[in-house]
Amino acid sequence: MVEIFQILLSESFWAASLRIATPLIFGVLGALICEKSGVLNLGIEGIFVAGAMSGWMAVWLGAGLWGGVLVAALAGGFFGLIHAILTVPLGLSQHVSGLGVTLFATSVSYFSYRTALPNVSSPPRIEPFRPLEIPILSDLPFIGAVLSQQTALTWLALFMVGLVWYVMNRTGLGVAIKAVGDNPNSVDAQGLSVYGLRIGAIVAGSALMALGGAFLTMSAFDAFFFGMVNGRGWICIALVIFASWKPGKALLGALLFGAFDALQVRMQTEVGAKVPSQVFLAAPYILSILALVIAARRAEYPRALLTPWFKGQR
Amino acid sequence: MTSSPVLTLNGLSKTFGSIQAADAINLELFRGEVLALLGENGAGKTTLMNMLFGHYMPDDGTIDIIDDSGHTEPLQLGNPQASIAAGIGMVHQHFTLAENLDALDNIMLGSEKFLNIRRNKPQAVQKVQKIMNDSGLVAPMDVAVGKLTVGERQRVEILKALYQDVKILVLDEPTAVLTPQEADKLFENITAMTRNGLSVIFISHKLREVLAFSNRIAVLRHGEKVGEISSKEADERKIARLMVGEDTKISSRKKIKVGAPVLELDNLTISGSSKRESISNINLSVNKHEILGIAGISGNGQTVLANAISGLVKPSSGKIKIDGKTITSNDPSSIIQAGVGRIPEDRHKDGIVGQMSVAENMIIEDLNSGKIQSRGLLNREAIMQHCSDLSSKYDVRGPGPNASARLLSGGNIQKLILARVFEASPKLILANQPTRGLDLGAAADVANRLLEARQRGSGVVLISEDLDEILSLSDRIMVIYDGNLRMAETHNRESLGLMMAGEIA
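Protein chains in written order, with the numbering used here: chain E, 109 to 422; chain P, 1447 to 1951.
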């Protein structure tokens, strides 16, 4: 028990939690925007891979770090657009299309990586984002040490939480997205485009998801590996329900998962001799499922989620 | 009326597949008038209005808007935004409200720039308040629409249309979900608004309110305009003849001596998960040769009451007796065996199996009869014969006995169900909203069949929201409100309406 308290009180634990949470924050926010408009985006796992690969590749080919972030967002938006066209005007199954996009985006990313680098054994490295010292914040006791270890992408993720909250709750656009996810006819009857809103939401959400992938190769690590996304996208799909589609709770859920994960790594080194390491590896997922079971009972799904809408069929 | 037109529809046509939904329809609307659009289901009323509002692109024809100074401007077709900009507001037949948003957000939806950093809510509230004062339509603005009553939602729908500064308001069956009192109030408000220059087109099935509240009536049949009369010169018979093309008559209810009870409910209570799904201490009896009408606004426990009698839900306490025998197992098929014929509320969902053929749906409740099967194998020829016999006897029209039942129109699905129910000569008929959404001809057919069954000796439970139907068919009338059932002593619209609203017990 003493060890847990020591871990919980260490700066490095909280810094790691926030770092692990960052890609999840991007992913949950992206999934939240898609689902608020009424479309489930299971392409998220593949879009993470595409973001991770394309962002890294752009930098490796000579672009700046922010150029890489932009390329990742565009790649995410592109795969989001495929999902949007299949599910919105064509009204295909959102599950099937989403899984298809995940397979497609993952394969295309691996394929591009192999084509560009046919003969490397160890992945080439780039110069990743550096931790950002923020003048006053970094001087605070404890918190300062936690925050000064974070890179610009983590700050961007935190900023996005606020931005998404503001757009969803304080602008006409947010009202329209929530309306189209509840009853598309309400939007249609006011002369707005159901297709436009949904496609826009999916593309924007997918671009955000891709930033989660980009964080992995451009901030958390400095290279691209096969299998590095490792189910983070799926975790985001679960976290959205945990967050009941609210940006603030999405941040909380991502941090909670990040903390579980940071804790299990440290517990492994503390008591790894007595307990098999697989137990620790599984712990964050098991705890997420438990959290979900509790939270999902009260979850209020967007009413039109998964339901396609067709113009002229009233 | 001396005022000038504000809107002309010129030769509007629209086909869906092989169906001519609108055929060169011309229509004029004058400033400050209330025009009622009448017609059977599928006559083209909603199609016409959807073309006006831009939801549908007409195949042919034009629409002109005439502004205050008499200037005529053609309307851009197939574009709801253009219609809104031209001052046309539409209140749809089914609510077009986002239930997760409050009324104000629903009203402001689409009328503001998306990316304005700050939304001007106070100004919107002020405008809505002014509209509420002018129109008399009041609804809470800061509550999620999902929590409002249907009456309030209907008012939010209309406020939403008025917020867009409409000059022409289209209402598609605005009173379908309202009590008679709420409906009358709504029309008083609408009449008041026309004095300020608003022009109104409304679609309705209810001849009474059309006669009471419109200035002019246009009648559509099979996609064509078949008549236009001033409401002063019209009466129910005249309009009905225009709508159907012939006289429809509901046979009068002959006096007949009632027999022994076929259905008795004794202190029946069901505690459902919500109020809508609960009923408490229901006592009633229905005799042979008798129609018991149960009036009420939907959502007051009718569905669960009907489900209990059909054996679909288990009562929490109390007894159900059919033909003197207490029903112990709540198993729908044994209840059908006991002699109950059911006409379910949602005929598409609970009345037929849409993917199965018309012939299969005809026999679905009678699979064990020796007529259609032997030793567990269906006799296909007999089934086809049975289907064609019943189809001609009950006038079921459609693409044939082998076609999927879901391809039938609503009226023909109901006839299919009637054929199945009446052929089994049931002791008790449970008819839940049997004419909802049916046109006059089909509704009259249902009414006549129910009277015929009463004559033959069946007991009938008629659950309906339509007071005219309840009043014309029932021997006795009870009113259900909030899960409680009360006998109505006086049979007139006013007192029944008040009971339905829960205002007198």
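Don't take every hint at face value.
When the alpha-carbon atoms are kept at most 27 Å apart in a straight line, the in silico DSSO-like pairs for lysine-lysine are as follows [as the list claims (entries may be wrong)]:
no., chain 1, residue 1, chain 2, residue 2
1, P, K1559, E, K354
2, E, K419, P, K1559
3, P, K1567, E, K354
4, P, K1795, E, K419
5, P, K1684, P, K1734
6, P, K1613, E, K419
7, P, K1700, P, K1795
8, P, K1593, E, K354
9, E, K357, P, K1593
Worth flagging that the hints you see were computed from the coordinates, not collected in a lab. In this text the structure is predicted, and so the values were computed from the model without any measurement.
Hints, verified against the model:
1. A C-alpha spacing of about 23 Å is found between P/K1559 and E/K354, which places the hinted pair at or below 27 Å, so the restraint holds.
2. Proximity of E/K419 to P/K1559 is assessed by CA-CA distance (about 23 Å); at most 27 Å being required, the pair is judged to hold.
3. With a C-alpha separation of about 22 Å, the suggested pair P/K1567 and E/K354 falls inside the 27 Å cut-off, and the hint holds.
4. Restraint check for P/K1795 and E/K419: satisfied, since their Cα atoms lie roughly 24 Å apart, inside the 27 Å limit.
5. As the CA atoms of P/K1684 and P/K1734 are separated by approximately 36 Å, the hinted pair breaks the 27 Å bound.
6. Simply put, P/K1613 and E/K419 have alpha-carbon atoms about 26 Å apart, close enough for the 27 Å limit, and the pair holds.
7. Restraint check for P/K1700 and P/K1795: not satisfied, since their Cα atoms lie roughly 34 Å apart, outside the 27 Å limit.
8. For the given pair, P/K1593 sits about 20 Å from E/K354 by alpha-carbon distance, which is consistent with the 27 Å threshold.
9. Only pairs whose Cα atoms come within 27 Å are accepted, and E/K357 paired with P/K1593 is accepted, the gap being roughly 24 Å.
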